[in-house]
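Assemble the whole structure, with the sequences as input and the hints as a guide.
What follows is the residue order along each chain.
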Amino acid sequence: AQTVTQSQPEMSVQEAETVTLSCTYDTSESDYYLFWYKQPPSRQMILVIRQEAYKQQNATENRFSVNFQKAAKSFSLKISDSQLGDAAMYFCAYRRLNNNDMRFGAGTRLTVKP
Amino acid sequence: DTAVSQTPKYLVTQMGNDKSIKCEQNLGHDTMYWYKQDSKKFLKIMFSYNNKELIINETVPNRFSPKSPDKAHLNLHINSLELGDSAVYFCASSHAGANTEAFFGQGTRLTVV
Chain D
1 AQTVTQSQPE
11 MSVQEAETVT
21 LSCTYDTSES
31 DYYLFWYKQP
41 PSRQMILVIR
51 QEAYKQQNAT
61 ENRFSVNFQK
71 AAKSFSLKIS
81 DSQLGDAAMY
91 FCAYRRLNNN
101 DMRFGAGTRL
111 TVKP
Chain V
1 DTAVSQTPKY
11 LVTQMGNDKS
21 IKCEQNLGHD
31 TMYWYKQDSK
41 KFLKIMFSYN
51 NKELIINETV
61 PNRFSPKSPD
71 KAHLNLHINS
81 LELGDSAVYF
91 CASSHAGANT
101 EAFFGQGTRL
111 TVV
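Protein sequences appear in the order of chains D and V.
Counting with our numbering, you get residues 1 to 114 for the letters of the first sequence.
Counting with our numbering, you get residues 1 to 113 for the letters of the second sequence.
It should be emphasised that the hints constitute simulated quantities derived from the structure, not laboratory data.
Heads up, some of the hints might be wrong.
Unchecked claim - The calculated label-pair distances, taken between Cβ atoms and stated as ranges, are:
| id | chain 1 | residue 1 | chain 2 | residue 2 | range |
| --- | --- | --- | --- | --- | --- |
| 1 | V | Asn79 | D | Met11 | 36 to 44 Å |
| 2 | V | Glu53 | D | Glu29 | 21 to 29 Å |
| 3 | D | Ile46 | V | Thr7 | 14 to 22 Å |
| 4 | D | Thr5 | V | Ser39 | 29 to 37 Å |
| 5 | D | Thr3 | V | Ser65 | 25 to 33 Å |
Claimed, not checked - Straight-line C-alpha distance at most 16 Å; calculated EDC-like pairs for lysine to aspartate or glutamate:
| id | chain 1 | residue 1 | chain 2 | residue 2 |
| --- | --- | --- | --- | --- |
| 6 | V | Lys36 | D | Asp26 |
| 7 | V | Lys67 | V | Asp30 |
| 8 | V | Lys44 | D | Asp101 |
| 9 | V | Lys41 | D | Glu10 |
| 10 | D | Lys55 | D | Asp31 |
| 11 | D | Lys78 | D | Glu15 |
| 12 | V | Lys67 | V | Glu53 |
| 13 | D | Lys78 | D | Glu61 |
| 14 | D | Lys113 | D | Asp31 |
| 15 | D | Lys73 | D | Asp26 |
| 16 | V | Lys40 | D | Asp26 |
| 17 | V | Lys41 | V | Asp85 |
All C-beta atoms in this analysis are idealised placements derived from N, C-alpha and C, irrespective of residue type, glycine included.
What follows is the structure in structure tokens.
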């Protein structure tokens with residue numbers, strides 16, 4: 001079974017600084033997709049960024065980028081120029097090709113200090 | 001226009017009751033899900049429906065039953081509620097295929113007293 005591990009239950013960052021959230025996963029598949037979701041206090045789950053495993057280039061969305069290391073099965077999220085609105089729970093998720101099952105990590109609570 | 005909507009947003013009920021949570025999506029997706037988020041924020045998939053066929057059924061008690069009258073709806077029925085059922089339940093939907101993200105509803109906070 002595929003598992004997703006987020007080893008940092010909590011992280012904090014100073015406003016305008018950069019923070020990296022870690023995620024590792026376990027799979028025997030070669031093709032799959034990875035996602036980072038954000039869950040602010042409103043409870044809404046919001047997609048932050050996605051990465052296709054067959055793409056070597058790391059995905060980037062404005063201030064959010066990933067460091068995808070396929071061999072190491074690592075998928076970290078970097079948030080640059082952190083803003084107060086970035087404070088939330090962040091979930092890493094894995095989805096196998098041709099499979100509807102999306103598996104989530106336990107989440108990392110990010111605090112942004114003014 | 002809400003893409004994935006769940007009702008109710010909050011539900012407080014007594015042990016032993018039977019309750020339902022409704023979910024509707026207007027995105028034209030063909031796959032819908034139910035997730036349970038416990039007090040530690042851990043998200044666990046409960047069910048997945050694709051074209052009205054149950055695909056995933058994790059180790060969920062049979063007191064929980066999904067009902068999908070059509071592609072746009074996936075309701076969750078819970079019988080004989082227990083204290084441990086207290087959690088936030090999320091409905092989500094997506095197109096079939098792993099490269100598409102899941103869109104989530106706002107969640108239903110269920111409290112069993």
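Hints, verified against the model:
The hinted range of 36 to 44 Å is satisfied by asparagine 79/V and methionine 11/D, whose Cβ atoms lie roughly 40 Å apart. A hinted range of 21 to 29 Å for the beta carbons of glutamate 53/V and glutamate 29/D is consistent with their spacing of about 23 Å. Hint check: isoleucine 46/D to threonine 7/V, Cβ distance near 20 Å, so the stated range 14 to 22 Å holds. Separation of threonine 5/D from serine 39/V is about 20 Å and departs from the stated range, judged on CB atoms against 29 to 37 Å.
For the pair threonine 3/D and serine 65/V, the beta carbons lie near 27 Å from each other, so the given range of 25 to 33 Å is met. Between lysine 36/V and aspartate 26/D the CA atoms are separated by roughly 22 Å; this puts the pair beyond 16 Å, and the hint is violated. This hinted pair checks out: lysine 67/V and aspartate 30/V have alpha carbons roughly 15 Å apart, not beyond 16 Å. For the given pair, lysine 44/V sits about 10 Å from aspartate 101/D by alpha-carbon distance, which is consistent with the 16 Å threshold.
For the given pair, lysine 41/V sits about 12 Å from glutamate 10/D by alpha-carbon distance, which is consistent with the 16 Å threshold. Simply put, lysine 55/D and aspartate 31/D have alpha-carbon atoms about 10 Å apart, close enough for the 16 Å limit, and the pair holds. With a C-alpha separation of about 14 Å, the suggested pair lysine 78/D and glutamate 15/D falls inside the 16 Å cut-off, and the hint holds. Of the pairs offered as hints, the one joining lysine 67/V and glutamate 53/V holds, with about 10 Å between alpha carbons and a cut-off of 16 Å not exceeded.
For the proposed pair lysine 78/D and glutamate 61/D, the alpha carbon gap of about 10 Å is at most 16 Å, so the pair holds. Among the hinted pairs, lysine 113/D with aspartate 31/D is inconsistent with the structure: their alpha-carbon atoms are about 38 Å apart, more than 16 Å. For the hint linking lysine 73/D to aspartate 26/D, the alpha-carbon distance of about 7 Å falls within 16 Å, and the restraint holds. A C-alpha spacing of about 22 Å is found between lysine 40/V and aspartate 26/D, which places the hinted pair above 16 Å, so the restraint is violated.
The hinted pair formed by lysine 41/V and aspartate 85/V meets the criterion: a straight-line CA distance of about 14 Å does not exceed 16 Å.
Going through the hint list in order, the structure does not satisfy hints 4, 6, 14 and 16.
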